Amino acid sequence: MKQCVYLVEENELIAQNTYRMVFSGDASAFTAPGQFLNLQISGLYLRRPFSVCEWEEGCVTIVYKVVGAGTQKMATFKRGREVDVLTGLGNGYDVSKSGLRPLLIGGGAGVLPLMMLCKTLLAKGKQPSIAMGFGSAGEAFFQNTFEELGVPVSIATMDGSLGAKGVVLDACRMDACTYFYACGPVPMLKAVCAASCSDGQVSLEERMGCGFGACMGCTVITQSGPKRVCTDGPVFAKGELIW
Amino acid sequence: MKQCVYLVEENELIAQNTYRMVFSGDASAFTAPGQFLNLQISGLYLRRPFSVCEWEEGCVTIVYKVVGAGTQKMATFKRGREVDVLTGLGNGYDVSKSGLRPLLIGGGAGVLPLMMLCKTLLAKGKQPSIAMGFGSAGEAFFQNTFEELGVPVSIATMDGSLGAKGVVLDACRMDACTYFYACGPVPMLKAVCAASCSDGQVSLEERMGCGFGACMGCTVITQSGPKRVCTDGPVFAKGELIW
Amino acid sequence: MNTSITLCGVTLSNPVIAASGTFGFGEDFAKLYDINCLGSFSMKGTTLLPREGNPTPRIAECACGMLNAVGLQNPGIDKVISEELPKIAEFYHKPVMANVSGFSVDEYAEVCRRLNDQAQVGWIELNISCPNVHGGGLAFGTSPQAAGQVTKAARRATKKPLIVKLSPNVTDIAEVARACEAEGADGLSLINTLLGMRLDLKTRRPVLNNITGGLSGPAVFPVALRMVYQVYEAVCVPLLGIGGISSAADVLEMMLAGATAVQVGSANLINPCACRDIIEALPATMAEYGVKDLKDMIGGAH
Amino acid sequence: MNTSITLCGVTLSNPVIAASGTFGFGEDFAKLYDINCLGSFSMKGTTLLPREGNPTPRIAECACGMLNAVGLQNPGIDKVISEELPKIAEFYHKPVMANVSGFSVDEYAEVCRRLNDQAQVGWIELNISCPNVHGGGLAFGTSPQAAGQVTKAARRATKKPLIVKLSPNVTDIAEVARACEAEGADGLSLINTLLGMRLDLKTRRPVLNNITGGLSGPAVFPVALRMVYQVYEAVCVPLLGIGGISSAADVLEMMLAGATAVQVGSANLINPCACRDIIEALPATMAEYGVKDLKDMIGGAH
Ligand SMILES: Cc1cc2nc3c(=O)[nH]c(=O)nc-3n(C[C@H](O)[C@H](O)[C@H](O)COP(=O)(O)OP(=O)(O)OC[C@H]3O[C@@H](n4cnc5c(N)ncnc54)[C@H](O)[C@@H]3O)c2cc1C
Ligand SMILES: Cc1cc2nc3c(=O)[nH]c(=O)nc-3n(C[C@H](O)[C@H](O)[C@H](O)COP(=O)(O)OP(=O)(O)OC[C@H]3O[C@@H](n4cnc5c(N)ncnc54)[C@H](O)[C@@H]3O)c2cc1C
Ligand SMILES: Cc1cc2nc3c(=O)[nH]c(=O)nc-3n(C[C@H](O)[C@H](O)[C@H](O)COP(=O)(O)O)c2cc1C
Ligand SMILES: Cc1cc2nc3c(=O)[nH]c(=O)nc-3n(C[C@H](O)[C@H](O)[C@H](O)COP(=O)(O)O)c2cc1C
Ligand code: FES
Ligand code: FES
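Protein chains in written order, with the working numbering: chain A, 18 to 260; chain B, 18 to 260; chain C, 865 to 1166; chain D, 865 to 1166.
Note that these hints are calculated values from the structure, not bench results.
Predicted model only: the values in this text are computed from it and were never measured.
Virtual Cβ for every residue (Gly too), placed ideally from N, Cα, C.
Wrong hints could be hidden among the right ones.
Going by beta-carbon spacing under 10 Å, a handful of chain C positions derived as facing chain D [unchecked claim]: (1) Arg977; (2) Pro1070; (3) Cys1100.
With a straight-line cut-off of 27 Å between C-alpha atoms, the simulated BS3-like cross-links for lysine-lysine are [stated by the list, open to error]: (4) A/Lys82 with D/Lys958; (5) C/Lys1159 with B/Lys90; (6) C/Lys1066 with B/Lys19; (7) C/Lys895 with B/Lys182; (8) B/Lys90 with A/Lys95; (9) B/Lys82 with C/Lys1066; (10) D/Lys958 with A/Lys19; (11) B/Lys244 with B/Lys114; (12) A/Lys19 with A/Lys82; (13) A/Lys114 with A/Lys255; (14) B/Lys244 with A/Lys90; (15) C/Lys1066 with B/Lys207; (16) B/Lys95 with A/Lys95; (17) C/Lys1156 with D/Lys1016; (18) A/Lys19 with D/Lys1016; (19) A/Lys90 with D/Lys1066; (20) D/Lys1066 with A/Lys182; (21) A/Lys19 with D/Lys951; (22) A/Lys207 with A/Lys136; (23) B/Lys244 with C/Lys951; (24) D/Lys895 with A/Lys244; (25) A/Lys90 with A/Lys255; (26) B/Lys19 with C/Lys1156; (27) D/Lys1156 with C/Lys1066; (28) C/Lys1066 with D/Lys895; (29) D/Lys1016 with D/Lys943; (30) D/Lys1066 with C/Lys1159.
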């Protein structure tokens, strides 16, 4: 973990209620896709956690959905604004386990950490494919980006306005999957784990007090006892979790 | 009273720890010198009251001393910043009582409301003079401005670095005074009232909850019972006060 | 969309009531906006005799809140009846709430008695929880026995709907609430301010002349919400939720916890149009959370 | 300039102690800065047996503060002794404070007994005020009798300096303080969290799985300050002032009210370097207010 001051470079609407924010600043604490940062918003007490969607030297991107007071304020951040962030939080995905053809499964904002994971897997010569679920076509994002990377994309939307009608599991063949990486709402993760015969990793979300292991606010009970989503996670092996 | 959004036009250091802030915005609620505004500072709960030093259509000036959290934040306000203010607060000085040659007496920040008062008196053909007290030469301000207006100025500083050494009363002849207007710390006002044989008006300060009469936070007990400094004052006739 | 609620038999167009001590007798606000948009307002706490209140400073700044130690400055019940109520009649045409305080059970009862024939007064709010006067208010509010006693005496003295205002400075607020209900309270309002203090580092003395004062503002909202939730489970009478409310969302949250109506206090001091702004924002906020009739929210979280 | 103070016979280089439950067992902070700059730190509340704590969500946002309902998740006293204390020894070389909780008087006493021989432990802090476990902590902290009993049992079980941590959720905290002092407490720490709650307007349910939680952060500072001031006048033992401290000025204010040392809690979660930053700012803040020896501030406002 590092405490840094980031500068907002971009903050643009990319889908319904969904913004992409690009920061310049020290990205050196990030070591694995699936890690997150914890961002201070003046006027609010707790920091807000966001998965890092992409990073390179001096540049970090998050994508966030406006859901409450904090993300509403973030949507008003202008270029050049300074933001206090804790960086390099969480364990991130373990890409060494992926096998040749891992399946990436994302629901809504859960698609975000999969972008960096996908690029990392490609860089290692793997052939990932991705299944994404959204509420409707207007909320969907990243389809083009994945396609430009040459990654097979399948999509489901609840209202059928894009791709298959239904949940993300309706857009992918879990039976053909040899290893998976999943991120999204708990019911989706639960369903994915139940449907999969293969091993995999899932990323959890929990309300956080600190984001770096101090408060025990984000505990999940696993096969090996209580674990902190912010430091022992957010990524857990499928076999670790008790649903 | 009016609730307005003001725009910061200038915010410059004019003496030790003392800033002059010029706003553009609706000045129509101000009707008398000695009135004040109540300014919201994000991150602090209560508004902060400041005498209006000068106003004209569309333009309002305050001068403030940095003494705590609020004024520290104000010192960082940049040109173009929007500020929420309650304007036209308080009764202000009654200039009709002044006679031909009123004496204006100000201690420290108490000099501020006297500037507008002085200009108003001049416009009415009166011949005011002013006595000002400061801690030291570095804290003094407005000497030139008053002199440019052709107003006789006498100054005292506690350390003798400018004008007479001592308090403001050491710089003026209360026995020759026919009417006075005073503003400054309570011990000074008390001494001025005690030393003067003439009638006069003094402006009080009190910690305020609202600044517009709602909370009874700023009460002073007068000859005619409890009065609110923010609405019945801040200016009171000498004879009203119980020291 | 329906924002009306019924409080002890009186129907209000919306549940937003300006809180006692933060709205004076309404006059300063009536100059700013038409205060007939309010559900109602609670007048400044009134005692039998006029009171000058505590010496200043009476106000201190806190994180997300403030301390006050006004000490029940008021013109006394007779002047409230002879001067303030007639003035109010000129700009406010709905029932007002009379906030009553005292230093003995008899004084509370006597003030209630004198209010009995005032047609403008829709409810009496018995303040047994003022932390800023010695030997007064708070002493009654921190013991179920004393709270019951003063409620009983006030109940005998008036036929107006009787609302007792509870103190949060207690171990078990539900116990005090039950005692008041048992002695005939028609409603309960909570919370009054939390006892707090600030020191001035320059003088090394308390900021407030009274040493301690009452904490109010958004800082106390979670405590107020919890107490409303607890008291809702302990009594059957309607509750007025008070403490830190400054938005329409806060109103909904307080009603979900169990409040039939709410009071907005300190927010009025910071934003003089706070009550009006909250009332105007109610319909949009209701729509956002799928609320058609505000009444449906009352106690919805239980 | 002198920042050192003495707490129950142990001298601290400065009065800043990281508060229990917000600093884990120090490890995550030791990675960030050399935590030997601290006066001390209080370990996560420890019970006899390991506890998983409450189901999540355990955390909610509030104005100038937060709610937590962690529910004393901890590995149990034996693991704290066999695993955590040896780990701490690697990065922290001063006495630590052991924060102890329990569900019966015997459990409190047994945990104290097991800590007796741990040389690293400078003080035992008896948490009789956790609002987040049912039948535990808080029940002991809200009655002077129960608080006295558990203090007495702990006193017999240990020779370590015994500090009892008081709950603010009481009518009269001075009474509880006196009961603890009478039964042998060497110091008192106050306050633990204020019982509060938040509701989620989308789900219309409490945000916290535990329904209520403990409010901490700057919002509670005025209440904490007032209680320290009151307890200082009621007892002779040293006080640890806790609640909302997030700056060196807050430390001075809390000491003026009567605290010998202070604890910094939630501020650590928001700014992981909060304790270090406050300690570094102390000399300049002391200079600003003309303080040469920090000890001179203790109780200075009385
Ligand atoms: C490890 C992790 C990674 C995340 N990554 C992303 C991301 O990349 N993009 C994105 O849009 N969202 C992400 N989230 C969710 C995001 O943190 C919340 O949407 C955000 O905190 C909501 O803040 P708010 O003030 O707008 O909402 P409010 O509801 O007003 O927030 C109130 C409190 O609840 C917490 N909270 C609310 N929703 C969530 C949630 N879903 N998870 C955790 N805490 C929550 C807030 O942090 C805050 O403390 C992530 C959450 C976690 C834990
Ligand atoms: C009617 C009136 C007119 C004023 N005009 C001026 C002016 O023209 N220029 C100027 O420099 N100052 C003026 N003051 C004083 C000014 O309001 C305070 O210096 C300022 O509020 C301090 O805020 P702070 O946050 O920096 O200090 P802090 O000490 O951190 O403030 C804490 C609290 O105390 C209050 N407070 C502190 N000092 C005073 C004070 N002297 N009077 C009233 N409240 C105080 C603050 O408003 C705030 O609520 C005036 C005060 C009043 C009542
Ligand atoms: C300046 C001030 C004066 C108050 N005077 C009274 C009063 O006279 N009677 C009363 O019952 N409550 C009084 N209160 C308490 C408020 O009515 C309310 O219960 C409390 O402030 C909490 O609400 P808030 O957080 O919205 O301010 C006063 C509060 C303030 C801030
Ligand atoms: C997440 C969290 C966990 C806590 N756990 C404990 C605990 O285990 N034992 C204890 O005595 N106090 C515990 N507390 C209370 C704090 O030690 C402290 O008394 C309280 O938070 C007030 O201080 P603050 O406002 O500086 O946070 C906890 C507080 C928080 C926020
Ligand atoms: S959020 Fe504090 S330990 Fe995970
Ligand atoms: S400050 Fe509120 S009445 Fe004067």
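Against the structure, test the hints numbered earlier, and report the numbers of the ones violated in rising order.
1, 3, 4, 5, 6, 7, 14, 17, 18, 25, 26, 28
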